[in-house]
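Protein chains in written order, with my numbering: chain A, 8 to 479; chain B, 8 to 479.
No lab work stands behind these hints, which were simulated from the structure alone. Fair warning: there could be bad hints in the mix.
[To be verified] Think about it this way: if two alpha-carbon atoms lie no more than 30 Å apart in a straight line, the pair counts; the simulated DSS-like pairs of lysine-lysine are:
(1) B/K186 / A/K186
(2) A/K186 / B/K332
(3) A/K425 / A/K362
(4) A/K332 / B/K362
(5) B/K362 / B/K425
(6) A/K425 / B/K332
(7) A/K425 / A/K186
(8) B/K425 / A/K275
(9) B/K275 / A/K185
(10) A/K275 / A/K425
(11) B/K275 / A/K332
(12) B/K275 / B/K289
(13) A/K362 / A/K185
(14) A/K362 / B/K186
(15) A/K185 / B/K289
(16) B/K186 / B/K425
(17) A/K289 / B/K332
(18) B/K289 / A/K332
[Claimed, not checked] Per label pair, the in silico range of CB-to-CB distance:
(19) A/A256 / B/P447: 24 to 30 Å
(20) A/P447 / B/T80: 42 to 48 Å
(21) B/P447 / A/S375: 25 to 31 Å
(22) B/H231 / A/A180: 30 to 36 Å
(23) B/S370 / A/R366: 52 to 58 Å
(24) A/L427 / B/P112: 43 to 49 Å
[As the list claims (entries may be wrong)] Some, not all, of what chain B presents toward chain A, calculated at C-beta under 8 Å:
(25) F181
(26) E222
(27) G225
(28) V239
(29) P297
(30) Y326
We put the CB at the ideal spot given by N, CA and C, even for glycine.
Protein chains: 2
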Amino acid sequence: MPSLAANAATRVAPALALIAQERRRILEELGQLVAIPSISTRPESAGDVRACAEWLAAHLAAMGMTHTQVIATGGHPIVISEWRDSEPKPALLIYGHYDVQPPEPLEPWLSPPFVATVRENRVYGRGTTDDKGQLFIHLKAMEACLRASASLPVHVRLVLEGEEEIGSPSLAAFLQGKKEWLRSDLAVISDTPFFAAGIPSICYGLRGTVYMEVEVTGPATDLHSGSHGGAVHNPIQALAEMIAQLHDARGRVAIPGFYDGVRPLSQKERNGFRALPWSDRKYAQELGVPRLHGEAGFTTLERLWARPTLECHGIGGGYTEAGSKTIIPARAAAKISMRIVPGQRPERIAQLFAKHVRRIAPSAVRVSVQCLHASAAALTPLESPGMEAAVAAMSAGFGRRPVMQREGGSIPVATHLKSLLGMDTVLLGFGLPDENAHAPNEFLDLGNFFGGMATAIHFYHELANTLHAKGD
Amino acid sequence: MPSLAANAATRVAPALALIAQERRRILEELGQLVAIPSISTRPESAGDVRACAEWLAAHLAAMGMTHTQVIATGGHPIVISEWRDSEPKPALLIYGHYDVQPPEPLEPWLSPPFVATVRENRVYGRGTTDDKGQLFIHLKAMEACLRASASLPVHVRLVLEGEEEIGSPSLAAFLQGKKEWLRSDLAVISDTPFFAAGIPSICYGLRGTVYMEVEVTGPATDLHSGSHGGAVHNPIQALAEMIAQLHDARGRVAIPGFYDGVRPLSQKERNGFRALPWSDRKYAQELGVPRLHGEAGFTTLERLWARPTLECHGIGGGYTEAGSKTIIPARAAAKISMRIVPGQRPERIAQLFAKHVRRIAPSAVRVSVQCLHASAAALTPLESPGMEAAVAAMSAGFGRRPVMQREGGSIPVATHLKSLLGMDTVLLGFGLPDENAHAPNEFLDLGNFFGGMATAIHFYHELANTLHAKGD
Chain A
8 MPSLAANAAT RVAPALALIA QERRRILEEL GQLVAIPSIS TRPESAGDVR ACAEWLAAHL
68 AAMGMTHTQV IATGGHPIVI SEWRDSEPKP ALLIYGHYDV QPPEPLEPWL SPPFVATVRE
128 NRVYGRGTTD DKGQLFIHLK AMEACLRASA SLPVHVRLVL EGEEEIGSPS LAAFLQGKKE
188 WLRSDLAVIS DTPFFAAGIP SICYGLRGTV YMEVEVTGPA TDLHSGSHGG AVHNPIQALA
248 EMIAQLHDAR GRVAIPGFYD GVRPLSQKER NGFRALPWSD RKYAQELGVP RLHGEAGFTT
308 LERLWARPTL ECHGIGGGYT EAGSKTIIPA RAAAKISMRI VPGQRPERIA QLFAKHVRRI
368 APSAVRVSVQ CLHASAAALT PLESPGMEAA VAAMSAGFGR RPVMQREGGS IPVATHLKSL
428 LGMDTVLLGF GLPDENAHAP NEFLDLGNFF GGMATAIHFY HELANTLHAK GD
Chain B
8 MPSLAANAAT RVAPALALIA QERRRILEEL GQLVAIPSIS TRPESAGDVR ACAEWLAAHL
68 AAMGMTHTQV IATGGHPIVI SEWRDSEPKP ALLIYGHYDV QPPEPLEPWL SPPFVATVRE
128 NRVYGRGTTD DKGQLFIHLK AMEACLRASA SLPVHVRLVL EGEEEIGSPS LAAFLQGKKE
188 WLRSDLAVIS DTPFFAAGIP SICYGLRGTV YMEVEVTGPA TDLHSGSHGG AVHNPIQALA
248 EMIAQLHDAR GRVAIPGFYD GVRPLSQKER NGFRALPWSD RKYAQELGVP RLHGEAGFTT
308 LERLWARPTL ECHGIGGGYT EAGSKTIIPA RAAAKISMRI VPGQRPERIA QLFAKHVRRI
368 APSAVRVSVQ CLHASAAALT PLESPGMEAA VAAMSAGFGR RPVMQREGGS IPVATHLKSL
428 LGMDTVLLGF GLPDENAHAP NEFLDLGNFF GGMATAIHFY HELANTLHAK GD
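So that you can see chain A by itself, here it is in the shape it has in the complex (with noise of 0.2 Å):
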């Protein structure tokens, strides 16, 4: 590998001077990028999301990239852009999105939201870290490769998307609809953190979901529980006694057949996250729990990333306002989800899920069950030349080898290309834990934003190496 990183080092060379000599640069044009309000769950910000789109269409044109179209969508529109020559080459497919969660709370901002405003080496603003900053690497990191020798070492589609924060709704059929232009040797996606700062990571597998409603309907309408208590069964109670049998006293999902299949994790994998700086009860503290609680026999991580989980996310049932009111409701209902990894089928598991919680319904009361949806995990292998191409950049690009995690939760987006494409997406993230994504006083560290542009620099040279080009 030493001659290999030596040889990388000199073809990206150029690039990266190109980078440090311009970083006044880079970060105004952020500036202009972070100063349009492209919030894309209020109505009233469609302009600005549109706006957005239309910025980074012009910026991709005035780079050099081609075929660059805002294409409408139901919804925020997807800016797609592309780079490709006549040589054979792999083809990466490069996501981000460009809209960005609501700046509210506005008091606790020390700097305007939409004002990039650098402060002891970081860039404070909304969608610094989340996902404009983010994407922005990518562009900065290609403008920089075309700029020093008017070429990319591998095919680009580019996809940026404006509904990210409200849950992607015209995505997935954007993708269906854009199959053949959108197949590519590998994906990347740019928005996840480190594992804490100073450690560069990569996150190598995904949990999947399998998100269902279960309804306990009694009464035919609200009773009095004066005049009728002690003669139905009620409803919350009926659902309250169904989700305590879904896990048992060790914490285990209670399930028949719920972990049939789970691929344990190996003992490498085990190692590598009991190596990793971790605290349970730092942890403990951030969330503000007591204490700690999950399935027994495994730690933190381990439960976090590689186990299945069962959590309610919400619950609701009769009278909720202040103060009392006596009634039998007639109905209650509470969302529960699961995560699934490796050897879960999600199908399967809504099945399990449904044929469990009709077996232990009370005959008092009727319900029914339904699935919202579910998604696979995904795992990329760790042995893959992308996931070997991301190792060795994030090597180069942070001066230190980055450390291989998982992550608890699912990026639609990861799901969908694995889905509809078959292809694998390495998810290169350069934010940190702590910088306020989705909350007031984003910032994005101005060490991994430019490390970052190093970073996938040598990304896209070392996927040269590693992928095998398919020439298209």
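Here the structure of chain A is known, so what remains is to put chain B in place on it, guided by the hints.
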């Protein structure tokens, strides 16, 4: 008793005759009362509520009642009035409420809600049974006595409330402030239904209420259930597990000490309940439940009227709108009350509940328990003079000896009168169970309306016999 009954019949005959002759006028006057939309829950109806109070005050004054006042409260006014003479007579407190529920939904009404309309020997309109029609029974019974003999056989204090449908927020302070004026030998309330059509009933027992709120707090803020699911206890799950531990497998309340002191039902009472016409199947059908449910070892009426119960009235936590959101909520809460019976002290029950909940609270969350209000059960002794007068009056008014029933609910004014003034209350109700109180097409059976007046006239006279005069 036969000689007494014959004697009473002679004394009441002139008043009964007046009622029989003036049915049309009485119905017209009820129509005027029903026409005033005294909807207490609607701020914009405050003027109508006051107009209704003033209509009643004018009516009472015209009837020959004295000291009639419309008393301002923090909310809607209370109308008071009295009749007394210089003779030593027992004192009777009559309570009623002149406020009504909103008429909505309007579409199902076959005649306008605020136009009293006679169809098939029923008078339809909002408030006809709850409670304008029933309080009017007493007004017209007193009026007939006063016209027939320029006198009443008892001293009367009348309290007509305008906030019963919104939980009587001003009542306790009013009762406290008027203690001396209110103190009487007995209270009567006509605001309950017969056991069934054609089966006159007297309610001699009410359950008390102990109303609690339980809040479970987990993480400081809602957490992403992908990133954190598996590490912390979920407040909804913790609350559900606690609710599931409030009953045992036989449907008994599982709080240690809860049943201590519960006065057992006498065999006589059980036999009385069993003699009532009752069908579990029909009741389940009416309520729309697959089957009834409750404490093993007791009949439905025993469970409803004489056994303590625990019900959940509301539960809330996390995301309950349409669609899916993946959070571990920061908190979940439930409103839970217990109906208690004679022998259970409300404060003690609140303590036992709180102690049990704290004991079963999982250590990975924080749990708080609060008592919102607590009131004792009330039993009016079956062998008391007031009850004997009520039985005789009902027998005379409807030609059938009433059944003695209890009621699962609580009537706060009855509880207040007992706890503040030590007074027993007789619940001498003339409604029917299916008269659509609180619903469209509310009505009052005219047989019960005029039979109620006859009963009330008999009742006042019987009381003069059975109760020892206090000479106030």
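Hint by hint, here is what the structure shows:
| no. | hint | verdict |
| --- | --- | --- |
| 1 | B/K186 / A/K186 | 82 Å, violated |
| 2 | A/K186 / B/K332 | 28 Å, holds |
| 3 | A/K425 / A/K362 | 29 Å, holds |
| 4 | A/K332 / B/K362 | 23 Å, holds |
| 5 | B/K362 / B/K425 | 28 Å, holds |
| 6 | A/K425 / B/K332 | 23 Å, holds |
| 7 | A/K425 / A/K186 | 12 Å, holds |
| 8 | B/K425 / A/K275 | 73 Å, violated |
| 9 | B/K275 / A/K185 | 81 Å, violated |
| 10 | A/K275 / A/K425 | 25 Å, holds |
| 11 | B/K275 / A/K332 | 34 Å, violated |
| 12 | B/K275 / B/K289 | 25 Å, holds |
| 13 | A/K362 / A/K185 | 38 Å, violated |
| 14 | A/K362 / B/K186 | 61 Å, violated |
| 15 | A/K185 / B/K289 | 61 Å, violated |
| 16 | B/K186 / B/K425 | 12 Å, holds |
| 17 | A/K289 / B/K332 | 27 Å, holds |
| 18 | B/K289 / A/K332 | 27 Å, holds |
| 19 | A/A256 / B/P447: 24 to 30 Å | 50 Å, violated |
| 20 | A/P447 / B/T80: 42 to 48 Å | 46 Å, holds |
| 21 | B/P447 / A/S375: 25 to 31 Å | 28 Å, holds |
| 22 | B/H231 / A/A180: 30 to 36 Å | 25 Å, violated |
| 23 | B/S370 / A/R366: 52 to 58 Å | 30 Å, violated |
| 24 | A/L427 / B/P112: 43 to 49 Å | 48 Å, holds |
| 25 | F181 | 20 Å, violated |
| 26 | E222 | 11 Å, violated |
| 27 | G225 | 6 Å, holds |
| 28 | V239 | 5 Å, holds |
| 29 | P297 | 6 Å, holds |
| 30 | Y326 | 4 Å, holds |
Comparing the model with each numbered hint stated earlier shows that hints 1, 8, 9, 11, 13, 14, 15, 19, 22, 23, 25, 26 do not hold.
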